[in-house]
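For the sequence shown, our numbering gives the first residue as 358, with consecutive numbering after it.
Take these hints with a grain of salt, some might be off.
To be verified - Simulated DEER-style distance windows between Cβ atoms:
1) Thr411 <-> Ser457: 41 to 47 Å
2) Trp444 <-> Asn392: 43 to 49 Å
3) Arg460 <-> Ala409: 35 to 41 Å
4) Ala449 <-> Pro391: 46 to 52 Å
5) Ala492 <-> Arg460: 29 to 35 Å
6) Ala449 <-> Val408: 37 to 43 Å
7) Ser457 <-> Gly495: 47 to 53 Å
Hints listed in this document are in silico derivations from the structure and should not be mistaken for laboratory results. For each residue, glycine too, the CB sits at the ideal point set by N, CA and C.
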Amino acid sequence: MTTSTLQGPAPAKPTPRPKPFKAQGLAYSVVRGPNEAGAWYWRARGPDGAVAWTGWASRDELLRTYRVVEPAPQQRLETVKDLLTAWLDARANDPQLRPSSYRSYSFRARSIIATVGDDTAESISNETLDRVQAALLGRGLTPRASTFTSARWSARRGGRLRRSSSRPERCLCRVNARTPGWSSRTRRQREKPQP
Numbered sequence: 358m359t360t361s362t363l364q365g366p367a368p369a370k371p372t373p374r375p376k377p378f379k380a381q382g383l384a385y386s387v388v389r390g391p392n393e394a395g396a397w398y399w400r401a402r403g404p405d406g407a408v409a410w411t412g413w414a415s416r417d418e419l420l421r422t423y424r425v426v427e428p429a430p431q432q433r434l435e436t437v438k439d440l441l442t443a444w445l446d447a448r449a450n451d452p453q454l455r456p457s458s459y460r461s462y463s464f465r466a467r468s469i470i471a472t473v474g475d476d477t478a479e480s481i482s483n484e485t486l487d488r489v490q491a492a493l494l495g496r497g498l499t500p501r502a503s504t505f506t507s508a509r510w511s512a513r514r515g516g517r518l519r520r521s522s523s524r525p526e527r528c529l530c531r532v533n534a535r536t537p538g539w540s541s542r543t544r545r546q547r548e549k550p551q552p
């Protein structure tokens with residue numbers, strides 16, 4: 358008899374370690390295993406690297422499980438109005454954004470929506486942006502145009518628009534008093550007799 362017949366049946370070949378894969382925005386990878394049932398300990402991480410799920414399962418069980426879960430429906434952004442509204446909604450909850458900045462963003466978004474809000478989001482091109490800029494200039498909604506408008510309004514009422522400048526203000530008075538220079542002082546000291 359050979360030694361193989363004395364030992365009994367050959368031991369089962371261990372299953373190879375499953376390779377990591379991504380599904381529905383999660384990255385699945387094996388942490389340890391297999392256990393007695395042949396299941397592996399899996400870890401699923403989200404896009405930010407946070408652990409979303411851990412547990413024992415075979416690769417086939419895991420594939421069946423994640424296919425059953427339906428992904429959340431994506432919001433359809435068909436028009437420029439839908440796109441800008443979704444962007445403003447996302448900015449509304451931003452803790453780093455000042456309220457005045459959000460008001461400015463919403464004002465600009467409303468003016469763009471009034472101009473090209475019904476256009477499809479896929480149709481945005483250089484011509485579309487030129488049309489938006491021309492419409493905003495026509496209504497005086499650019500920063501430079503609003504500055505000129507406020508300056509004209511102030512001038513009509515006799516006021517003056519305050520401008521900040523890095524240069525010091527010009528002195529309106531003239532100093533005529535002469536101060537002796539360094540050379541005249543040294544000349545006087547030389548002429549003075551020494552004791």
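Results of checking the hints against the structure:
{"no.": "1", "hint": "Thr411 <-> Ser457: 41 to 47 Å", "result": "holds, 44 Å"}
{"no.": "2", "hint": "Trp444 <-> Asn392: 43 to 49 Å", "result": "holds, 48 Å"}
{"no.": "3", "hint": "Arg460 <-> Ala409: 35 to 41 Å", "result": "holds, 36 Å"}
{"no.": "4", "hint": "Ala449 <-> Pro391: 46 to 52 Å", "result": "holds, 48 Å"}
{"no.": "5", "hint": "Ala492 <-> Arg460: 29 to 35 Å", "result": "violated, 21 Å"}
{"no.": "6", "hint": "Ala449 <-> Val408: 37 to 43 Å", "result": "violated, 29 Å"}
{"no.": "7", "hint": "Ser457 <-> Gly495: 47 to 53 Å", "result": "violated, 26 Å"}
Going through the hint list in order, the structure does not satisfy hints 5, 6 and 7.
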